[in-house]
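Chemist: Residue numbers (the working numbering), protein chains in the order written: chain H, 1 to 112; chain F, 1 to 118.
These are computed hints drawn from the structure, not numbers from a lab.
A quick note: this is a predicted structure, and the numbers were derived from the prediction, not measured.
In this text, a Cβ means the ideal position worked out from N, Cα and C, and glycines have one as well.
Please note that a few of the clues may not be correct.
For lysine to aspartate or glutamate, the following EDC-like pairs were computed, each having C-alpha atoms within a straight-line distance of at most 16 Å [unchecked claim]:
| id | chain 1 | residue 1 | chain 2 | residue 2 |
| --- | --- | --- | --- | --- |
| 1 | F | LYS41 | H | ASP27 |
| 2 | H | LYS111 | F | ASP88 |
| 3 | H | LYS111 | F | GLU59 |
| 4 | H | LYS99 | F | ASP88 |
| 5 | F | LYS14 | F | ASP88 |
| 6 | F | LYS64 | F | ASP88 |
| 7 | H | LYS42 | H | GLU15 |
Which chain F residues stay away from chain H? Per the calculated CB distances, all over 12 Å, these [stated by the list, open to error]:
| id | residue |
| --- | --- |
| 8 | LYS14 |
| 9 | GLN42 |
| 10 | MET45 |
| 11 | GLU59 |
| 12 | THR78 |
| 13 | ASP88 |
| 14 | ARG97 |
| 15 | GLU106 |
| 16 | GLN111 |
| 17 | ARG114 |
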Amino acid sequence: KQEVTQIPAALSVPEGENLVLNCSFTDSAIYNLQWFRQDPGKGLTSLLLIQSSQREQTSGRLNASLDKSSGRSTLYIAASQPGDSATYLCAVREAAGNKLTFGGGTRVLVKP
Amino acid sequence: GAVVSQHPSWVICKSGTSVKIECRSLDFQATTMFWYRQFPKQSLMLMATSNEGSKATYEQGVEKDKFLINHASLTLSTLTVTSAHPEDSSFYICSARPDTGWVNTEAFFGQGTRLTVV
Numbered sequence: 001k002q003e004v005t006q007i008p009a010a011l012s013v014p015e016g017e018n019l020v021l022n023c024s025f026t027d028s029a030i031y032n033l034q035w036f037r038q039d040p041g042k043g044l045t046s047l048l049l050i051q052s053s054q055r056e057q058t059s060g061r062l063n064a065s066l067d068k069s070s071g072r073s074t075l076y077i078a079a080s081q082p083g084d085s086a087t088y089l090c091a092v093r094e095a096a097g098n099k100l101t102f103g104g105g106t107r108v109l110v111k112p
Numbered sequence: 001g002a003v004v005s006q007h008p009s010w011v012i013c014k015s016g017t018s019v020k021i022e023c024r025s026l027d028f029q030a031t032t033m034f035w036y037r038q039f040p041k042q043s044l045m046l047m048a049t050s051n052e053g054s055k056a057t058y059e060q061g062v063e064k065d066k067f068l069i070n071h072a073s074l075t076l077s078t079l080t081v082t083s084a085h086p087e088d089s090s091f092y093i094c095s096a097r098p099d100t101g102w103v104n105t106e107a108f109f110g111q112g113t114r115l116t117v118v
């Protein structure tokens, strides 16, 4: 059974510092991995999608890497801003099916 | 990106009543949609996979008679919480993946429904 873990569970940084969020998964047979942002009481906003054949994806200040063999993905957010404060979730889509398995999330607070 | 609309965004109901939540894909067709539940400060847990024109597939431990799912068209899935009780109070989120096109592997999520049973 696939298990997805995100460490740390919470993170507080001063504005301007780079953020590093970690995601690990136990079964490397994945189709893709997706990073999401969730604001309190809201739905999920897709940030980046990495296919199993890719090693990284970039969008603006966001960069996500994927090491499938070791079961790890890292989301980097450069030059953090208070507006980046949210919960960040990673989810893996297993090769055999359609569903996503989510990690527990990392709650990020960027202090001005 | 593709848009998934969920309605209502919040609802308060009395214990014992039923509540219906709608999930619509606005600009794409989705044969398959997913329903998740999220308790405070916890991650999303998949409840069931909704399949257009056939029965939903429920995850282990989810009561199919309590959480009724209907996927009547390629753009609409509904979740009905029957005989709701306070322990059903939670945040319910739907997700859909477009059947075709360049975003065919990306999942899009609705804005969620906050259900409070009193």
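Chemist: State for each hint whether it applies.
Modeler: Hint-by-hint comparison with the structure:
Of the pairs offered as hints, the one joining LYS41(F) and ASP27(H) is violated, with about 25 Å between alpha carbons and a cut-off of 16 Å exceeded. With a CA separation close to 35 Å, the supplied pair LYS111(H) and ASP88(F) exceeds the 16 Å bound. Between LYS111(H) and GLU59(F) the CA atoms are separated by roughly 39 Å; this puts the pair beyond 16 Å, and the hint is violated. For the hint linking LYS99(H) to ASP88(F), the alpha-carbon distance of about 23 Å lies beyond 16 Å, and the restraint is violated.
Only pairs whose Cα atoms come within 16 Å are accepted, and LYS14(F) paired with ASP88(F) is accepted, the gap being roughly 11 Å. Distance hint between LYS64(F) and ASP88(F) is fulfilled; the C-alpha atoms sit about 14 Å from each other, no more than 16 Å. For the proposed pair LYS42(H) and GLU15(H), the alpha carbon gap of about 23 Å is over 16 Å, so the pair is violated. Here LYS14(F) stays apart from chain H, with its beta-carbon at least about 22 Å from theirs, past the 12 Å limit.
Residue placement check: GLN42(F) does not keep its beta carbon more than 12 Å from all beta carbons of chain H (closest about 7 Å). The claim that MET45(F) lies off the interface is violated: its Cβ sits roughly 8 Å from the closest Cβ of chain H, which falls inside the 12 Å cut-off. For GLU59(F), the non-interface assignment is contradicted: its Cβ lies about 9 Å from the closest Cβ of chain H, within the 12 Å cut-off. Residue placement check: THR78(F) keeps its beta carbon more than 12 Å from all beta carbons of chain H (closest about 17 Å).
With a cut of 12 Å on Cβ distances, ASP88(F) stays outside the contact zone with chain H, its closest approach being about 18 Å. The Cβ of ARG97(F) does not lie farther than 12 Å from every Cβ of chain H; its closest approach is about 7 Å, which violates its non-interface assignment. Residue placement check: GLU106(F) does not keep its beta carbon more than 12 Å from all beta carbons of chain H (closest about 5 Å). With a cut of 12 Å on Cβ distances, GLN111(F) falls inside the contact zone with chain H, its closest approach being about 4 Å.
Annotated as non-interface, ARG114(F) brings its C-beta within 12 Å of a C-beta of chain H; the closest such distance is 7 Å.
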